[in-house]
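*Asks:* As a plain string of letters, each chain reads:
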Amino acid sequence: MNPPCPRLPLAALLLLAASTAMAQDCKGLQDLQDSAQAQTTVNNIREDKEQTDCGSLMSVLDRLFNTRKTGGRKLEEDRPFNASAAQAELTKAQADPEVRPRLEKIRKEVTDPTRRLVYEAAVLNDEGYYSARDLRINQLKQQLK
Amino acid sequence: MNARMPLHTLLALALLTTACSTPQLSNPFSSQDGPQHIKDLDHLPSRALVVVDRHCAELVQPYRLTDNFASLSVFGLKEGLEAMPGQLNKMLGTGGAEAGPSDKLGDSAKRAAKQLNWMPMSAEVLYAERQHQARQNELLARDSKQGRKYYPTADKILSDILASIHEPYDYQFKLFIVTSDEHNALALPGGYLYLDKGLLTTPQLQQKAYFALAHEISHVLQRHETKEMQSVVVDSFSAKSDLLKLMKSAQGNPKAVVDRIKLEKGQFTRHHIDQELQADSCAVKMLSRVYPTRQQLAESLNAFIKDLPAATADPTAKAASNQTLAMAGDVEDIVKSPAMRHPNTQERKANLQEIYQEVTVAGK
Numbered sequence: 045m046n047p048p049c050p051r052l053p054l055a056a057l058l059l060l061a062a063s064t065a066m067a068q069d070c071k072g073l074q075d076l077q078d079s080a081q082a083q084t085t086v087n088n089i090r091e092d093k094e095q096t097d098c099g100s101l102m103s104v105l106d107r108l109f110n111t112r113k114t115g116g117r118k119l120e121e122d123r124p125f126n127a128s129a130a131q132a133e134l135t136k137a138q139a140d141p142e143v144r145p146r147l148e149k150i151r152k153e154v155t156d157p158t159r160r161l162v163y164e165a166a167v168l169n170d171e172g173y174y175s176a177r178d179l180r181i182n183q184l185k186q187q188l189k
Numbered sequence: 053m054n055a056r057m058p059l060h061t062l063l064a065l066a067l068l069t070t071a072c073s074t075p076q077l078s079n080p081f082s083s084q085d086g087p088q089h090i091k092d093l094d095h096l097p098s099r100a101l102v103v104v105d106r107h108c109a110e111l112v113q114p115y116r117l118t119d120n121f122a123s124l125s126v127f128g129l130k131e132g133l134e135a136m137p138g139q140l141n142k143m144l145g146t147g148g149a150e151a152g153p154s155d156k157l158g159d160s161a162k163r164a165a166k167q168l169n170w171m172p173m174s175a176e177v178l179y180a181e182r183q184h185q186a187r188q189n190e191l192l193a194r195d196s197k198q199g200r201k202y203y204p205t206a207d208k209i210l211s212d213i214l215a216s217i218h219e220p221y222d223y224q225f226k227l228f229i230v231t232s233d234e235h236n237a238l239a240l241p242g243g244y245l246y247l248d249k250g251l252l253t254t255p256q257l258q259q260k261a262y263f264a265l266a267h268e269i270s271h272v273l274q275r276h277e278t279k280e281m282q283s284v285v286v287d288s289f290s291a292k293s294d295l296l297k298l299m300k301s302a303q304g305n306p307k308a309v310v311d312r313i314k315l316e317k318g319q320f321t322r323h324h325i326d327q328e329l330q331a332d333s334c335a336v337k338m339l340s341r342v343y344p345t346r347q348q349l350a351e352s353l354n355a356f357i358k359d360l361p362a363a364t365a366d367p368t369a370k371a372a373s374n375q376t377l378a379m380a381g382d383v384e385d386i387v388k389s390p391a392m393r394h395p396n397t398q399e400r401k402a403n404l405q406e407i408y409q410e411v412t413v414a415g416k
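Here the protein sequences come in this chain order: E and Y.
All letters in the first sequence, in the order written, are residues 45 to 189 by my numbering.
All letters in the second sequence, in the order written, are residues 53 to 416 by my numbering.
What the hints contain is simulated information worked out from the structure, not anything from laboratory work.
Certain hints may be false.
[Unchecked claim] Some, not all, of what chain Y presents toward chain E, calculated at C-beta under 10 Å: (1) L192; (2) Y203; (3) T205; (4) D207; (5) E234; (6) H235; (7) G250; (8) T254; (9) Q347; (10) E351; (11) H394.
Beta carbons: idealized from backbone N, C-alpha and C, even for Gly.
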């Protein structure tokens, strides 16, 4: 059983704040906000919170909506996202006996495609399959456009 | 760069408040912590944004203000700039000499103020804390399943490298793993270090992780980010007059303005690249103390070099048929090319080879 998620109201705020901040240049998010779908999505995530760890969920939502540039000094330039490597990692994750039942449970219990992608991304984050998680986040971004 | 600009005011405030505060970290204003370390400023470069020592003669830059005041005073006497320490006091809000209306901050003093380290540690930590809080959700929790798996390895790498630094330093390094499969690392001022989890997954990548972490520690100990923040503060003292000068010259000769901006941007870019190469050099010197054999040092460097992007030829300059087209090309370069780029693969390899030779010839 996962611990309770006291920061989920924060996630709701994050989702709504991000929608508001980005509404001007992101039609999809504006639609979400207008239709109150963002609020519904977060409410549903609250109800389904046993699907995944709170920290992973926060991490996914943060990556989904946050566009900030971090300061500091990096070792090297960021490289472009490697979709084929991420797909290969997703296949590996799906074959992992610790991950597969969690992904199957989500596919069985969550019918809404957006919510399903959020939970899958959170489980992949939880299990350390970060490229596969980023693939799911990119798919989410496409859906929300 | 964008992320830093809104912090300008914060930093100015930090400089003022830290002068009166009692931070948990050791006091940069203290003169009680041992002999002063006076930096030789005989050969101050003609421009401020220059990496004086790309081969990393000193692994740790002094940070105590007393050291830097002493260095600046010595330099001021040499240059006949007797008011300079008073100027620095004024900039830091620490009182000191009264500044009269003709008390102008000269170019030499500005260059010295950019080369020296006068920003208090607490200002560095304040800046880093703010950045760190903003990226909490990207970090691996120590008590998570993945955290328990990877933090022991990361902590061991940090502790091995820190054990190799015999010079005194005042940072308390804090290491975090980023939930990313990339092979990158990052440092913030104040000693905040970040390693991608992707660097810890295999023994081969862990060799690169040693180099990555040594490189990032070097950025902190060389105070690279801090020096750039200092430059922003120092530059703000004459920004208005510079801008007016530039606007006046723009009326009759727009190309001169474009050339000036291009030159300034080129200098800034070069400075950033040289700082990266300096951090590479310091990393090699640190790792030469970590690894007992040349072979192990070479393996770590090779792990880094092998993971760099494939070397590409430098883009050749497009020949423009007339001056207007040439100027348009220059403007395009200014807008499109990043100011803060890393050295390319060839530059990094060449520099690493030089430092490796230096280190191994010197006695390994």
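*Asks:* Can Y:G250 be said to touch chain E, with a Cβ gap under 10 Å?
*Replies:* With a minimum Cβ separation of about 7 Å from chain E (threshold 10 Å), the hint on Y:G250 holds.
*Asks:* At a threshold of 10 Å, is the proposed contact between Y:E351 and chain E supported by beta-carbon distances?
*Replies:* violated, 18 Å
*Asks:* Measuring from the C-beta of Y:H394 to each C-beta in chain E, is the shortest one below 10 Å?
*Replies:* With Cβ-Cβ at 5 Å, under 10 Å, it holds.
*Asks:* Measuring from the C-beta of Y:E234 to each C-beta in chain E, is the shortest one below 10 Å?
*Replies:* Holds - the Cβ of Y:E234 comes within 10 Å of chain E, reaching about 7 Å at its closest.
*Asks:* Grab the minimum C-beta distance from Y:L192 to chain E and call the hint holds if it beats 10 Å, violated otherwise.
*Replies:* At 9 Å from the nearest chain E Cβ, Y:L192 passes the 10 Å test, so the hint holds.
*Asks:* Interface hint check: Y:H235, Cβ to nearest Cβ on chain E, cutoff 10 Å. Holds or violated?
*Replies:* Because about 8 Å separates Y:H235 from the closest Cβ in chain E, which is inside the 10 Å limit, the hint holds.
*Asks:* Given Y:Q347 as an interface hint, is its Cβ closer than 10 Å to any Cβ of chain E?
*Replies:* With a minimum Cβ separation of about 23 Å from chain E (threshold 10 Å), the hint on Y:Q347 is violated.
*Asks:* Would the hint on Y:D207 stand, with a C-beta cut-off of 10 Å toward chain E?
*Replies:* Violated - the Cβ of Y:D207 stays beyond 10 Å from chain E, reaching only about 18 Å at its closest.
*Asks:* Answer holds if the nearest beta-carbon of chain E is closer than 10 Å to that of Y:T254; otherwise answer violated.
*Replies:* Status violated, d = 14 Å.
*Asks:* Does Y:Y203 pass the interface check with chain E, least Cβ-Cβ distance below 10 Å?
*Replies:* Not OK, violated: Y:Y203 not within 10 Å of chain E, min 13 Å.
*Asks:* Less than 10 Å between beta-carbons is the criterion; does Y:T205 satisfy it with respect to chain E?
*Replies:* Not OK, violated: Y:T205 not within 10 Å of chain E, min 13 Å.
The earlier numbered hints that this structure contradicts are 2, 3, 4, 8, 9, 10.
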